[in-house]
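There are 2 protein chains.
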Amino acid sequence: MSQALEQLREHLATIRDLNHAAGLLSWDQRTQMPRGGASTRAEQLATISRISHELFTGEKTLKLLDAINVADLPPDSDEARLISHTRYNYERSTKLPAEFIAKQSRVRALAGNVWEDARAKSDFAMFQPHLETIVDMVREQAELLGYDEHPYDALLNSYERGLTTNQAIALFDELKAGTVPLALKIAAMGDDGRDAPLHGNYPEALQEEFGKKVTVRYGYDWNRGRQDRSTHPFCTNFGRDDVRITTRFNPNWLAPALFGTLHETGHALYEQNIKPELNRTPLGRGTSLGVHESQSRMWENIVGRSRPFWEFFYGDLQATFPEPLVNVDLEKFYRAVNTVKPSLIRVEADELTYNLHILLRMELEIALLEGKLKVADLPEAWNAKMQTYLGITPANDAEGVLQDIHWSGMMFGYFPTYTIGNVLSVQLFDTAVAKHPEIWDEMRRGEFGTLLGWMRENILQHGSKFLPNELIKRATGRPMDAAPYVKYLQTKFGELY
Amino acid sequence: MSQALEQLREHLATIRDLNHAAGLLSWDQRTQMPRGGASTRAEQLATISRISHELFTGEKTLKLLDAINVADLPPDSDEARLISHTRYNYERSTKLPAEFIAKQSRVRALAGNVWEDARAKSDFAMFQPHLETIVDMVREQAELLGYDEHPYDALLNSYERGLTTNQAIALFDELKAGTVPLALKIAAMGDDGRDAPLHGNYPEALQEEFGKKVTVRYGYDWNRGRQDRSTHPFCTNFGRDDVRITTRFNPNWLAPALFGTLHETGHALYEQNIKPELNRTPLGRGTSLGVHESQSRMWENIVGRSRPFWEFFYGDLQATFPEPLVNVDLEKFYRAVNTVKPSLIRVEADELTYNLHILLRMELEIALLEGKLKVADLPEAWNAKMQTYLGITPANDAEGVLQDIHWSGMMFGYFPTYTIGNVLSVQLFDTAVAKHPEIWDEMRRGEFGTLLGWMRENILQHGSKFLPNELIKRATGRPMDAAPYVKYLQTKFGELY
Chain A
1495 MSQALEQLRE HLATIRDLNH AAGLLSWDQR TQMPRGGAST RAEQLATISR
1545 ISHELFTGEK TLKLLDAINV ADLPPDSDEA RLISHTRYNY ERSTKLPAEF
1595 IAKQSRVRAL AGNVWEDARA KSDFAMFQPH LETIVDMVRE QAELLGYDEH
1645 PYDALLNSYE RGLTTNQAIA LFDELKAGTV PLALKIAAMG DDGRDAPLHG
1695 NYPEALQEEF GKKVTVRYGY DWNRGRQDRS THPFCTNFGR DDVRITTRFN
1745 PNWLAPALFG TLHETGHALY EQNIKPELNR TPLGRGTSLG VHESQSRMWE
1795 NIVGRSRPFW EFFYGDLQAT FPEPLVNVDL EKFYRAVNTV KPSLIRVEAD
1845 ELTYNLHILL RMELEIALLE GKLKVADLPE AWNAKMQTYL GITPANDAEG
1895 VLQDIHWSGM MFGYFPTYTI GNVLSVQLFD TAVAKHPEIW DEMRRGEFGT
1945 LLGWMRENIL QHGSKFLPNE LIKRATGRPM DAAPYVKYLQ TKFGELY
Chain B
1495 MSQALEQLRE HLATIRDLNH AAGLLSWDQR TQMPRGGAST RAEQLATISR
1545 ISHELFTGEK TLKLLDAINV ADLPPDSDEA RLISHTRYNY ERSTKLPAEF
1595 IAKQSRVRAL AGNVWEDARA KSDFAMFQPH LETIVDMVRE QAELLGYDEH
1645 PYDALLNSYE RGLTTNQAIA LFDELKAGTV PLALKIAAMG DDGRDAPLHG
1695 NYPEALQEEF GKKVTVRYGY DWNRGRQDRS THPFCTNFGR DDVRITTRFN
1745 PNWLAPALFG TLHETGHALY EQNIKPELNR TPLGRGTSLG VHESQSRMWE
1795 NIVGRSRPFW EFFYGDLQAT FPEPLVNVDL EKFYRAVNTV KPSLIRVEAD
1845 ELTYNLHILL RMELEIALLE GKLKVADLPE AWNAKMQTYL GITPANDAEG
1895 VLQDIHWSGM MFGYFPTYTI GNVLSVQLFD TAVAKHPEIW DEMRRGEFGT
1945 LLGWMRENIL QHGSKFLPNE LIKRATGRPM DAAPYVKYLQ TKFGELY
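Residue numbers (the working numbering), protein chains in the order written: chain A, 1495 to 1991; chain B, 1495 to 1991.
Bear in mind the hints are in silico, worked out from the structure with no lab data behind them.
Be aware that one or more of the hints could be misleading.
Pairs count within a copy or across copies, as identical chains cannot be separated in the list.
[Stated by the list, open to error] Here are the simulated BS3-like cross-link-like pairs (lysine-lysine), alpha carbons at most 30 Å apart as the crow flies:
1) K1589 with K1554
2) K1597 with K1554
3) K1679 with K1986
4) K1929 with K1597
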């Protein structure tokens, strides 16, 4: 058996290497590649992905899995978890027939192009037939993957293993009850211009330098990372020792690059702190999108938009950007970075209203999947929900139903993980602080070692060894719970507005 | 048969994609990767190379080759050449047993590390036992690969298919007779300091900008390329539509980055101008190291160090770098960039003495291979030849026998391709000018389209479709010939000294 285990490890390491190579091809495509390289790069990516997929779904994987009796292994050992994780993914990957996957690739590629055009022209009708095909295929996908209660479960599980539709709905109900009234109240107050200090002369190079200083204090290891520019910021990695972030700078607006950097650094800290033993195994990555997002949102928002954080960093920031900040005191700046302003675009949303954008999308996805909503009626349903939850209505579909790339990529069930991340960020942070109350004081001194240390010990180091539910319960003593997050939002924004 | 051909193409395209992915992993390693990523990157590279090698040497390749009757195809068709090229490489690749290749990897990795240390400490004795193993293995490799006349033929053919030891010796004899007396005469004259204008305040960003302007005029397509920094300059590509160069800048010395850029651009022009039909096939790359080097050396030296070139560019250069160049006229600058100064280090050698460095190495490689020279006696033999050909003697082994990486990498037979490149550069350039005498006038106007066009038509577009000998004969009407190159050197440097 130990020989089969060794062979399985080697087999999976090969697949992991291929996936990391594909990751580098993508990173390069988005940050370095000359434009002319696009079509050849697509071929290279397709080849690597195909070989990796063939290796993983091939009979060798099953044969090696079958040769190992997982019951002989301690249930919490890395080995036992590697095997159950691999078997789950193997079984899942063999549920979608090759023809379905091929069709999916074609439909996504075409729909992606059409979506870009449609958004540019704000013309939903162009995109509608493609989205209809996609909804049909998503329904088929759910049936192929299988589920216990609701077809949406199957989709959620692609991104957040173990999450059920009922769980997600209950969570959003709690959020809705706890935050919509506050969001609508703030919307009714109108814009008081408190975010003005964030706009002004913010030279790109200085933004980059300041952001880097913060990430160093957060604990991002630049010897195992780097930062580049890209149109859409992201974090990617090729093993725990090469974890890269990207940023988009606006020389007249501080917020996107600064908080974008802190956000991506949160993702990077997860990957850099996975224990080395899991490198080159399928467990050597964050356990789910939601748990990943808990880290990015924590370092971006709970830490990066807190008073203690800015008590330490604001003097330096003010000295770095005297022109826009000379007459802005700490409190005024703190209020600026925590401006709540109901907006049409999800990626620009503040902490309080962000989840309402997600809620809206999840409800629409479920209605489409259940056939209760027709694709043709989607723009109208979108606009109605925007009015209900945020008190505003898009002027056109480009800033409404066409704004996100996800649906053209057939990524139904993805959106909720953003909110799961928010919910978990507070649950985890509160637990860390309860255990180590000195975290706040450290923050005032620009130190984050205790916080990162607790996260490393309880979350990060384990990679995908534990399922999200199990990991959260181990770390906090209870399942995912929206209450701390609702309380955090009410306290923070109740005071600010 | 056409189905087998289609399958073979697809099979080879997959392998090509893998090799290009490995190429990107290497490029990234040398230009972008954070230091911490080194060991994981090594694993990724090993995995991709192993899969590519297994696919190519596997039975599928042979089965598909055997299913195609090459005699049915027009002998000069891309298809016929693809098949004969593939069969040759297949047969060659299966001649080295897996154990030999594995041992080779281990010995190279270890010897590479030891060589670095040995060079740093100028301690040949440290490196000696490793080089002894390497010489033994190189001898074994030659026997495994097979040869008609001389074991060195087998090694030369790894880099320059069709080249024989006798041919190489005859070529170097001609060069020796034609250039050693001139080189020794110049050495005896002593250094008159004529290269002084190249040293001074040359800000890096301005060097980069000026170099870029030249490459644009050369015809390097920046939409399908980019330039980065690396310790050792190189050119790499991932298909004809993504061909990248790297450069090393010295802010106090113009020559290395400028001529390095022109050199790598020559390599890049080759790859960018291969006809698109050969993309993703094994023919879609330069046909040999020597022919590749003919392009880099032509654009670097014959063009880039010529009077007509500088008649066009010098005004701009002087305006860009007024401080070091204000009192330097065109003729003085032209003489500076063509300084001949016998030096100890090959990579810093001028046009005239460069080949003598190569000659020395080739003679030593042959003597080692034949057993006429013992590794222990190598430093002494090296120093003696330096005195004979260049009139100087290294003060230590770091600037002598330990200076090159090649032997630690088991790359015997590689060095001669540098000189082949020089020889071919003049033979090809002269042919182009004989056909299109306007090339010189165009150069004076900063135009290079006719020269590049002739090269594209006769050399570049064909990729590896024709063997080097055949390609040169088709392009120039005769086999490789050192006479034009000797004449070029004698004329140019006879006038200058």
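Verification of the supplied hints:
1. K1589 with K1554: Both. Shortest intra-copy (17 Å) and inter-copy (29 Å) distances satisfy the 30 Å Cα cut-off.
2. K1597 with K1554: both (26 Å within a copy, 28 Å between copies)
3. K1679 with K1986: within (15 Å within a copy, 84 Å between copies)
4. K1929 with K1597: neither (51 Å within a copy, 54 Å between copies)
In summary, the one numbered hint that this structure violates is 4.
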